[in-house]
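Engineer: Kindly generate the complete structure, drawing on both the sequences and the hints.
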Amino acid sequence: MSEELAKEIIDNFSNTGVSYTSKYRMYIQTPKEELFRLLEYLKDNGFKYLVMITCVDWINENEFELVYQVGNFNTPLRIIIQVRIPRNNPTYESIIPIFKNATDYEREIHELFGIVFDGNPKLTPLFLEDWQKFHPFKKDFDSREYVKVTFDSIPTLEEYK
Amino acid sequence: MINVTIVKVLEFIFYPFIAFVIGIILMGLFRKIMARIQRRYGPPLLQPLIDIIRFFSQRTVSHGKIFSFGVILALAGSLVVLLFIPFGKICPLCGSGDLLLILYLMLFTPISIALSGGEGANPNISIGVSRKLMLSLGYEVPFLMIILSVMSFYKTTSLVEIIKYQQNYHWAILNFPLVIPGIAYILILPAMMGVRPFDVASAPQEIASGPVVEYGGKFLGLNHIEHAIHMFIGIALFIDLFLGGGPNIGFFLVEMFIVFFIAVFINAMFPRYRVDQAIKYLWRWPSLLAFIGLVLVRIPVKF
Amino acid sequence: MNTETLLKSILIVSFGGAFLTYILGKISRVLREIFAVLTGIFVVVFSLMLYGKTGTFIYAKNFLGFSLLVSINNLSWLFLITLSVISFLSVVFSLTYIRGHERTDFYYLMLLLVNAGMAGVVLSADLISFYIFWEIMSWSTFLLISYNRGAALSAGMKYIIMSVVGSAAMMIGIISIYTTYGTLIISEISSQRLSLPPGYILFLFILFSIAFGIKNAFWPFHIWLPPAHSEAPSPFSAVLSGILIKMGTYGFLLIMYVIFGMKVFLELGSSFFSFHNILCWLGAITVVIPTFTALLQYDAKRLLAWHSIGQIGYIIIGISFGTSLSVAGGIFHFINHATFKALLFLTVGAVEYRTGGVRDLNSLGGLIKKMPITFIGALIGALGIIGVPLTNGFVSKWIIYKALILEGNSFLAFAALIGTWGTLLSFYKFLHNIFLGQLSEKYKNIKKAPFCMQFPIIIYSLIIILFGILPGIVLKVINTILISFGFESLNVTIWGIASESGILNTINIFTAIVIVVIAVWIISRLGAKTRLVAQDDNYAAGSYIPKEKYNFTAAFYKPMTRIIGPVLKDIINNFYLILGRGTSAVGNGIRKVYTGDIGYYVIYIILFLAVLILIKVGFKL
Amino acid sequence: MDRGQLSKWFKHPGIMAQKYSLWAVYFCTGCGIIEVPPSITSRWDAERFGVMPAPSPRHANLFMITGYVATKTLKAIIRTYELMPEPKYTVAFGSCPINGGMYWDSYNTIKHIDKYIPIDGWIAGCMPRPEAIFIGVTKLWMMIDKGAATGYKRYRENYEYYRKNQEKLFGKLPWPPLFPIEDKNEKLTV
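Going down the list, the protein sequences come from chains A, B, C and D. Residue numbers for the first sequence follow the numbering used here, beginning at 1 and rising by one. Residue numbers for the second sequence follow the numbering used here, beginning at 1 and rising by one. Residue numbers for the third sequence follow the numbering used here, beginning at 1 and rising by one. Residue numbers for the fourth sequence follow the numbering used here, beginning at 1 and rising by one.
None of these hints come from the bench; they were simulated from the model. Certain hints may be false.
To be verified - Label-pair distances were calculated between CB atoms; the ranges are:
id: 1; chain 1: B; residue 1: V295; chain 2: C; residue 2: I132; range: 43 to 53 Å
id: 2; chain 1: D; residue 1: P37; chain 2: A; residue 2: S14; range: 53 to 63 Å
id: 3; chain 1: C; residue 1: I161; chain 2: A; residue 2: T124; range: 36 to 46 Å
id: 4; chain 1: B; residue 1: D276; chain 2: C; residue 2: L153; range: 38 to 48 Å
As the list claims (entries may be wrong) - When the alpha-carbon atoms are kept at most 25 Å apart in a straight line, the in silico DSS-like pairs for lysine-lysine are as follows:
id: 5; chain 1: A; residue 1: K122; chain 2: C; residue 2: K549
id: 6; chain 1: C; residue 1: K444; chain 2: C; residue 2: K529
id: 7; chain 1: B; residue 1: K65; chain 2: C; residue 2: K529
Glycine included, C-beta positions come from ideal geometry on N, C-alpha and C.
Structural biologist: Here it is, written out as structure tokens:
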């Protein structure tokens, strides 16, 4: 079942490749512009369930990779779509119109990677203590430096006296 | 004449202490038996007393005048009710009040705890108080029927006379029409004492112990003293009404501990009811028994 | 000032004062308020001077051939003093309450007219003047209920329809009494002990109990009361539920024990289905059903209105149970209910005045910090209506229960007793949702109630506590009334009743409570000093408390109302709705016949003549 | 365990009662809370020493910081600590609250908990077993006896310091300061 689906996707979507298909998994690489259409296409033939959205920081290619995973309730096949977006001041349109439950995934990625999803109403802090200053999951974030700045700078009682 | 007043004054002063000591022992036993049932060693018998002393040594906060005064009034309410309940021969104020008065004096404590809790402005307290009031409405329906059947059976409203009748003939629970209200009373006793299946009003897990959430040091101490005396009153009233009030104090204490053990074992076994489950239970079996008792007392059926 | 001039001057002052304030009101606001208060004071002073006096005097020679008399005895004195005090305090309360509204002089005219009508009803010695003052009272009540337009109009309409039906029933009763007794003067009627057939007496009793029952608003005739009380302006609903309902009680007492006498009333009907037994059971239903429907309300005044009906049930049980103890309890409860119900309505009025008309129990909260005096008033009122010892409500309820239990009638006693816990639940919700809990931002800067509003609240609270601790003051007067009714007197002492089976000694209870409270206060001083803290320093499971959202008021007794809610559907209300729809259908039918254009009427006349001729001719054949 | 010596009870009941009725705030701050249930149930019953979980911080006088403290939990810990009535003691479990432990370089855990709230006793072990908790409790008894468990006094005297640290970490705190910052003596009214 997954082979014909892969063939159809490759035919009618420009420069999208299917790197791996099996009974349970299918990996698709697609450019930024094609993602919306691809998701709608998959949702039409049964992939109604957005499992999760994650993000990978390719620092040396100076790119972020957004990974969308959609599932189908009556087949074990999971489709994983990888999209590359530029790393400096990254923005991308939100997929809430297609999958409503994407808000919190995008909110988390915004908080931890700093990618701004326009169209997402609630980009408020989720886990962290509303610090707009830094995005901890980016590779160039040095947490030891951050700890020295925020925590070690606070004096102990003896130093304070 | 003078030595009667002296005896009355002495009773007036020492009766609350006796009730407090018995109440503390009951609470201590409560925790000890619960521990032993759960196969653990359990605190010393006088642990509630240690807790109270610790509460009085802590400095806490108050949310306003009604908050502080309500706690004092709650304990005062319980003590005043205590003075009207005969305990064996001791009964300081029985001359100027009867069972109806005790029934209404028992309103003092829930109202003052509710008012002082309300001022504490915490939804946990409001939920706890609304549950306590609903539960009290739940067990008042059978309780009133039981008391009315006893009163109209003996054609008097004064508790002292009821005890005198029982001591002359035999316990109220033994002669026929009053057996049924007696059983109904045993069914609702856990609800009146706030024991496990019915401790929904002060549930520590759900509403952080309900009305007492904001009570800190001395307020919690006063609340624990009030709980001890309330336990004493609950059982003493049942004994006075149905088990003949005990000719002397020793017999009274024995009856008290037996009734108390029943309550503890019920507490150890049952999970906690929801409020509407508790009300449905209280309005089904105990109310039916109490109603049958009321009808039988009203229409003298001779067997 | 002998009694005759006193009685006449009460009527003149109250009626004259009403019209005077109306006229002066046109000139200036201050004059209107001064005169309104003056009429109130004068009526109170005059009724105080009438203590212990009796006598009947004629004040109008031949009004349609009858002479109208006015009389005073212990019973009417008791009602007079209560109604004058309550109306005076309501006038004082409405000085500031009504200042902002328009048509204020119309409001004062109507309020003083109601008071005058009530005074007239209580003082009248013959049935004609009784009926006239009754009508004045009903109509001015209707105009006052529909004072602030909108929903009040339909409430007033519902009230006036039912009270017109009641007055019609009373008029038929008065005419039939006149035909049998030949006279309309109450004292003469009660002195002729005619032996009338029981059926006829029952007919008279039913007529009068419909008239007084509707005004008294007990169970089957209660539907006008909740909308009327919640729509009327607060000072007037204090008068309405404090004393105006009690005119029905005065009427009941009049026909039960004065006009027909005690023996006739108690023997009416067979042993179980006797008239007074049915009335007792109606009273019992009136105690239970409205008290628990009050639990479901979330508008403060509607809750209080349903409780007025509930408390009337106690009075009805007391009066119609027939033993001296129960009648004493019933009369004492009427005075107590007048005090704490008026107090509760005034406190709601004060809250309404300060928060800009908000009465919804779900959106208030925390007003104790801003309006402490109003809170203390509402607290004492609530304790009174629940019947907590040391308040007057307790003594009267205790007397009624004792009477019921001594007769062994435990089912009635159970219905009455369970009403108390219904009142306890709904009045804790009333106090909690308005005064306790978190104060919301909207009411951060409201001020205390003005002095004109606090003065009546303080006076009522003192009366409740005073009568609670020393009930003997009122019980002595009631004892004289009982003797005048023909009951045997109770040995009443200053601290309560010392009957053989179970004594009530309020002074001992008071001293015991005071000593114990002082002792516990000393114990509480043992602990360390406490630190006063604001309302937001509260336990919220570790997080800081969410502003505006940390109050539990909306579904206060949800589990309970889910159980008793479906049971308490107002069947009586549906019955009246069906009745209303039926009458309007009949009306439409008749309108089809009288279409209004002449042609039809001519045809009807011709047809009718034809039928007559036919009958005449027909027989000939 | 001098609970039985009545003479001590009469000499200074406050201290003895503080020792033998330690109610712990039932607030699971970190991974150590998994050790508390076994210590209060039938195997190691803590209630025989008077240690009991308290339903609300107002009832408690012992606060156990069990395990590493996340930044967001610190806000709740400060709030609960301030709600507790005055003679109160805090005990920290394991090394993470001392200096961050194995999360020493993580951006969202607190390194030195005693910069924000005063700690009286430390129990070593990642995470201490119930026996270690009881030894800690007995050590706390000795400190209370000697009057060395004065965390709450330290908090009251240098409240300015603690408040400044807390605000440096969290910015503006929503709740007002517990003790007035200007003058040290708090206003006590009944």
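Engineer: Run the structure past the numbered hints and jot down the numbers of the failing ones, going up.
Structural biologist: 3 and 6
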